[in-house]
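*Asks:* We have chain A already, so just place chains B, C and D on it with the hints.
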Amino acid sequence: MAEEIKKRTTYLSRGALKPRAYVGDGLKVTFRTLVRTTIHRPNTIQYPWETLVKPECYRGRPGITLETCIACSKCVKICPNKCIEMVPIDHPTLGKVKRPQVNVARCMMCGYCAEVCPTDAMIVTPEFELAAYTRSALMYDPIKLQHERKPGYIVHSPMVTPSEMKSGRTDSHDKGDMAIKDTVQLDSRKCISCARCSKTCPVGAITMTDTGELNPKTNKPVKKPVFDDNKCVSCEQCVDVCPKSCLSMKEAM
Amino acid sequence: MTENTKMNEEQIAEAINNAFPDGITSIQVAPRRVFLTISKDILLKLCTTLKNELGFEHVSCVCGVDMKTHFQTVYHISSYSNKVVTEIVVDNISKDKPEVDSIAPLWGGANWHERETYDMYGIIFIGHPRLERLLMAEDFKFFPLRKDFDGGRRVA
Amino acid sequence: MELHFDYSGLYEFLYSVSSWLLWLVGRAFEFIGVDSDNFFYPVRQFLTDQQFVYFVALILVALIYLVAGLLFGIQFIWMERKFLGRFMDRRGTQVGFLGFFQNFADAFKVLLKAVIIPKDSDKRVYQFAIFGILAVSFMLLGLVPWDNNFYAVNVPLALLLGLAVFSLAPFTLILAGWSSNNKYTVIGGMRGAAQLIAYEIPILLVVVSAVVMTGTLNFAEMVAWQQNNVLLFIPLFIGAITFFIAGVAESERIPFDLPEAESELVEGWQTEYGSLGWGLIMAADYLRAYIVCVLFSIIFLGGWAGPDFIPGSVWLLTKAAIVFFFMVWLRAATVRIRTDQLLKFCWNRLLPLAVINLAIAVLIRVYSVGWW
Amino acid sequence: MTEMWVNMGPQHPFNHGLWNLRVKLDGEKVTDAEPVIGYLHRGWEKMVESRDYQQIIPMSDRLCYCSALTWSHVYVSAVENLMEVEVPERAQWIRVITIEIQRLASHLMWLAAVGTDLGSYTIFLYAMRERELFLDLLTNLTGARMTYNYMRIGGVRNDLPENFERDTLRACDLLEKRIKGEYYQLMDQNTPFRMRTIDTGVLSKEDAMNLGVTGPNMRGSGVDFDLRRDDPYEKYDEIDFEVCVEKEGDSFARYRVRMREMLVSCDIIRDAFKKIKEGPVRVKTPRNAPVGTAFAHVEDPRGESLMYVMGDGTNHPYRLKVRSPIFVTVSAAPKMCIGYKMADIPAIMGTVDMCVGETDR
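Residue numbers (our numbering), protein chains in the order written: chain A, 1 to 253; chain B, 1001 to 1156; chain C, 2001 to 2372; chain D, 3001 to 3361.
Bound conformation, chain A alone:
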């Protein structure tokens, strides 16, 4: 195989390159291009009138669908340039809710927000013509961020866990799959059952259930959070809000 390759590329080495005519070959090539581009159209694309054919997965500014978004602010944490921020809006049907607002001026269009979004609310739109007259016009509030959805805009990065990979598994898990979801662990000794985590959980996966013991001082039933792993989107809001930091994430390996 190597000799065969060597035979193919050595003929181009310097020794075999005696130029026949001074600029003859260059003239021949350019004339052939002249003829070809006058008969067929040249390579230029007249931008405002004709645009390049962009694939559906083309990454322009992020877009959102307000209904499916659960305001878990995972995109806020992952954004490298910290362009995304949760902003309260009053939605006709959902009432006053928090939705992400993207500062498109700082956005480097890396597509991470769409990749981590558990409910595929955040999508990557192929829009790149974002010129605006003022800097504040580039601060896309959730209403302006909305964009119609196409299958190509949704970003999925299917994964497989190392243990499964060693056992030779071929297909990989999709975004919400249980096998690759990081689950929340409770260190119940430190938990003072203040129920803040169950309030902040965007999907309501945390329910406070009483554990049967009585609180010695106020002899009321003690309630500890129980996590419903199917509903959980591992957005770690509960981990951040817990005053005693007794919650931690267990990564599925």
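Note that these hints are calculated values from the structure, not bench results. Here a beta-carbon is modelled for each residue, glycine too, at the ideal position from N, C-alpha and C.
Short derived list, chain B residues pointing at chain D, Cβ under 8 Å:
1. Tyr1080
2. Pro1144
3. Leu1145
*Replies:* Below, chains B, C and D without anything else, positioned relative to chain A:
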């Protein structure tokens, strides 16, 4: 270069070991890799033996590390003939007098790397032909990559 | 020696136009109630004087040549941009019909730019250099006739005068380079002058061989000789190629582009010229390319000789355009060569070719080896 | 004539990007040269320390604008060595293919730059036209034209789109036909191009090795060393390809090495497509890296690029050192430029394939 017998990483590791019994604190070997942690004073001698006896012709990278209590300089020196890369970590360079022997006279490739390390950390390389700031402005008074340099504000 | 001016058809026409203009001026005076008989008699006498009308006609000819020269310059710029585009697999200019008005747009843009004169450059020489370059190009344009009876002046030694004027160009380059008070432009000016002087010698030798063949220095007679005998392109083929290559070098185009090479010297001697100055210099560059093409087509391709259904001057212009097409083609296909290689190429390659060509011309003339 | 320091200044038509070559001229000949860099210093290594491992990937794309994939690949493999992550087979094959496509696009960008430096604008447009083919391929695959953000720690972002293989093989065949047809006639057979590049900027073999010049510039001087063959990473040990070496060490040799390397890259892509198998493309990696150090070095289109990462148990790297090949080649620029004419410098520095983004970091 010396005899052109190809030496693999184990032979190189032993050669270094019996050449410098004391100065080496740790040595590991991996496929095509030799990892060394040495003290500051035997660096120049080790590099000259690497260059002359063991046929290491190319310095890939010289970089400084600020370990908050002391500095470290890390050298990646690779050999084309033996196809081995050695990583030399020069540990505990004191923070108040950070000085290391320069290997620029041996390999021209290390010249700018050492200048950049001086520029970023303030580690002085003794014997470097022209130790000046490279990336920052000449009159810049701070060493930016040090951990105590807060990058978030404007400095003169 | 009695100076004999035979004026071509252009003059009869312009003579009548200028006399009509002056008649109009006279009517205007009468209209505003000036009694032309007694008080204004000397003015009327002056206006209808033979010499003055001829002088106004001469100015009109100069005006026509100025406009025509700039139009040809712009036509050649357009041709170059369109052909270069198609050589490089892209579209050339697209403003207006087939992109022709892009150059007018550029011209207006250049007019609107601010005139910036470098701080301590010596101002007068800085401005004179532009007019020096333009004057050299337009002087030659005036000498070249377009048709048998359509020319500004038909001097017997036209070719000699033309080349003498042509050799003034290096002088203006050095002036421009030196007066801009900039390190780069001085180097650029020196190099440009060296190149132009070096490449004039092959041109002179080739012209000498053409004169040896045709026996005259006048363009009209040269074309007439070629009509009767054979186009000079065929016997003096080597001379034609040398003239073409030296012409490319004279008009500083790509293979010999170094004086104004943007990659080394940042536009060489033109660096400090701003809006209109730069515009005029660029127009002069393309005008020099046009002159080289016209000279080539007159000397070697029998200028306005051609079947009669197309008027002679149109023949001349098409032949010049074809020669310019080859210049653009050469620009698209090759790379810029260094100054010392460029001069070595001239002395070691072009000069021997020109001498060989001269030898051939002499052989043909003396032993009439040719079939005509 | 007195010596004249001329600034082929930070803003000069010949250099791509902001760096300044101060040149001392004796008449036309260059007697001394001193490169000055730092105009594009963004403090990349300081910025990196405040981001977590996944957020650095789009930043590492932006180290050099024309070979984004190779830079994110060297970062990702450095972190994989640190975390001892084992990348699935198919992901390694996809990495080999995308790196070779990126190498072709980078070499075509270099060919365009050499053309404009020496005055031939046609080669610029031809090379850019071919480069568009490969940028379209990578746009279909990753969604972006130049800053891909495609590599992930433990694999790649998504699998190949359908008939990606067919398009890539077609693009490679067309490029090979073009290189052997049009570019070969337009540049190699063009005597003025050979006059400008032969015997200019000669770098001897010992100088190349000692001064740390790597990659095609070093192979142009006769050093037969290629990281893909001699220190194979990913799946390069299963591919048999020829390392192009030229002995003369002048600009024309560097030009020849890169032109043949483009042909070899096409062969590698064809070979890789034969051997690719089905399977997962990404493995889940832990969020925090263990305490310790690791480094990875790969064959970047410009030379050997190396990343040394030191983890401290959190998800932020403690120290991330970047070795850029052009940073060292620029330090060797005086050795290449001294003794030649000032008009040669664009030819010399053109064939060295400068990219200032990675030099100043």
